[in-house]
Amino acid sequence: MSLQSSAVRSEAMRQPATADANRGAIGLEQVAKSFKGAVAVDVVDIDIRPGEFVTLLGESGCGKTTTLLLIAGFHAPTSGRVTLDGRDVTRLPPYERNLGMVFQNYALFPHMTVEENIAYPLKRRKLGRGEIAAKVARSLELVGLAGYGKRHPRELSGGQQQRVAVARATVFDPPALLMDEPLSALDRKLRQSLQDEIRQIHRQLGTTVVYVTHDQDEALAMSDRIALMRGGRIEQIGSPTDVYRRPRTLFAAAFLGDANLLRGRVVSSAGGTAVVELRSGTRVGALADPEIAAGREVTVVVRPEHLRPADASAPGGAAVRATVEDVTYLGRSICCTGSFESGDRCIVPIETSGATEFPRVGDTLHLSWEASLATLVADVDDHDGR
Amino acid sequence: MTMRRCVQALVVAILLFLVTPVLVVIPMAFSSSAFLEFPPPGWTTEWFAEFFRDPDWIDALTLSLRVAGGAMVLSLTVGTAAAYALVRRGVRFRGATQGFLTLPIVMPTIVYAVGAYLVALKLGLVGSELLLMCAHAVLALPFVLLNVTASLQTIDQRLELVAQSMGARPWTAFRSVTLPLIAPALIASALIAVVISLDETVVALFLTEDTRPTLPVKVYNSIRYDLNAVVPAAAAVVLAGTVAIAAALGLVRWVIARATGMRAGAPAGDGVEIGAGEPETGGAR
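Taken in order, these protein sequences are the chains called Z and E.
Okay, so the first sequence: first residue is 5 according to our numbering, each after it adds one.
Okay, so the second sequence: first residue is 7 according to our numbering, each after it adds one.
Keep in mind the hints are simulated off the structure, nothing from the lab.
Heads up, some of the hints might be wrong.
[Stated by the list, open to error] Beta-carbon label-pair distances, calculated as ranges:
(1) ALA250(E) / ASP92(Z): 40 to 46 Å
(2) LYS130(Z) / THR103(E): 37 to 43 Å
(3) GLU120(Z) / GLY75(E): 31 to 37 Å
(4) ALA189(Z) / THR68(E): 52 to 58 Å
(5) PRO114(E) / ALA137(Z): 57 to 63 Å
(6) THR68(E) / ALA137(Z): 44 to 50 Å
(7) GLU120(Z) / ALA87(E): 22 to 28 Å
(8) ARG203(Z) / TYR90(E): 38 to 44 Å
(9) ARG94(E) / ALA225(Z): 34 to 40 Å
(10) GLU120(Z) / THR103(E): 33 to 39 Å
(11) LEU124(E) / SER38(Z): 46 to 52 Å
(12) TRP177(E) / THR332(Z): 55 to 61 Å
(13) ASP92(Z) / THR68(E): 56 to 62 Å
[To be verified] Chain E is nowhere near these chain Z residues, computed Cβ spacing over 12 Å in every case:
(14) ALA298
(15) CYS339
(16) SER357
Computed from a prediction, not measured in an experiment: that's the story for all the values here.
For each residue, glycine too, the CB sits at the ideal point set by N, CA and C.
In isolation and in its complexed conformation, chain Z is listed as follows:
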């Protein structure tokens, strides 16, 4: 599939007439980057469609920022190809790539006013004075900072400064906007409102956004697609629901949200449902994976919110016993942690609404889940208590 699309792209290169349809498309083909022998990005392939909001998610050192800087042109890849708007830009310097860029600490020019900051990319493009003023005003309005143009960045709050940075990165109408942890310096509340604003700006402008973050909630809330990175590679890429519901590796399951990870062996796999025998001997159901055959050691991934109190009479439903070891009150819900009979860690949220009695430490819970909501992962972590 990637071969086919690369053929399409090189076709587009020879015919710049089709560039418009590709405006905002970003491609990394077999891109790798190492610094003095240390591998930062170890073969990344990604195809970003025009107008798409893609998040590179991962822990620090996973190569997500390096990947972004490869797209921006601040690093040249050790091998592989970078394409923008369907053109090969691997050797193009950053100032000729026409991309908007927003950094974590805003990187506003402290010696310029807000207006001068936003006018900067327009001046580099030698626009007329009137046109610059009009675009700057429109851009300030877009980010809700009309009337702040004459101030200096230091006179603005962190959130306002980041809005100026977004205005400055979008005022020249770039086909794509690259954002490197733009909200991590802000406090939680502000972060959420700015997430909404960034999404709104993305919808309004229709630019492609490549967004780097280590915050899984941010990634889930904002993205069309999440590329989960680890060790310089993309571990899994897909829509937030896809990556959350159907993690393909243990790492993906553990990184995005909480997960109950139950180790076992596939007994049978038929009719879309796999039966897994846990280490405790209990048999449970999960969505079958055609690549995982019977007899294979697996981990069953069950999201905490998919756990239900087991009804002994439920036909075919799995029933697993777990012992409560800790109960945390969270207001809207209660979080019970403990261990399954098989020894695997257990985490169960319980809604507080309507309930009068809550589990206590030492209680035994009977839990089940709908087989189609549990996912099989072909890795097994043998370190107990993960």
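Got chain Z sorted already, so can you dock chain E onto it with the hints?
Showing chain E alone in chain Z's frame:
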């Protein structure tokens, strides 16, 4: 109590020791006597008039100013480029390079002067204005380097990256973003370079010809060979120039301190308009 008295006396003695030469030179410059008597028998400004009338003194003064100007430009250009490379680019043997470039601070001037003289002799460049400029630039380089390095280190490196992402070529990004931000350090460095060159005597003694001395060299020659009464006036001129530059330097430092203090103390959010031209509150008690 007595201990405290002793310390106070010592402080006064040190201060006197520091300023006595200046306290002697200034009255002598206005002395009516032609024989460098102290205390002066009467007062006159004749020696200043003499200084500014005598083409030899004026030549020495203008030579000094030209050399100082050239040394300033050279040390500023090289020093800024070196500081930029040291801070922003991966320079091999960074510590050693920086140490080498700041060597003139610790190197005995006389050693450097003799070396420079021998080189100049070999090249037939004794008396060359350009060579003296270069030599003075070398002496000023460490101060430029240290100042600009310190300033560059406070500037977010990503400012230039973001400028490049918005279409600025590397040089444009440097000129429009980094340069204005290090301007205070550049001004301070320029003033220091001028002062260093203006009163540098040892290297100038070796590298100038007897007929075309710089001002400090002419002061030295005059006092040694003719006991000229213009000398204190000439020295006072050098002193006045140095004091003026030091004052300018202080002013630059004060402006920077104010600007950075303003930045740190600026209210976030509903930014209050900050007046740039508030009157100084110096005399208010």
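Quick check: which numbered hints come out false for this structure? 1
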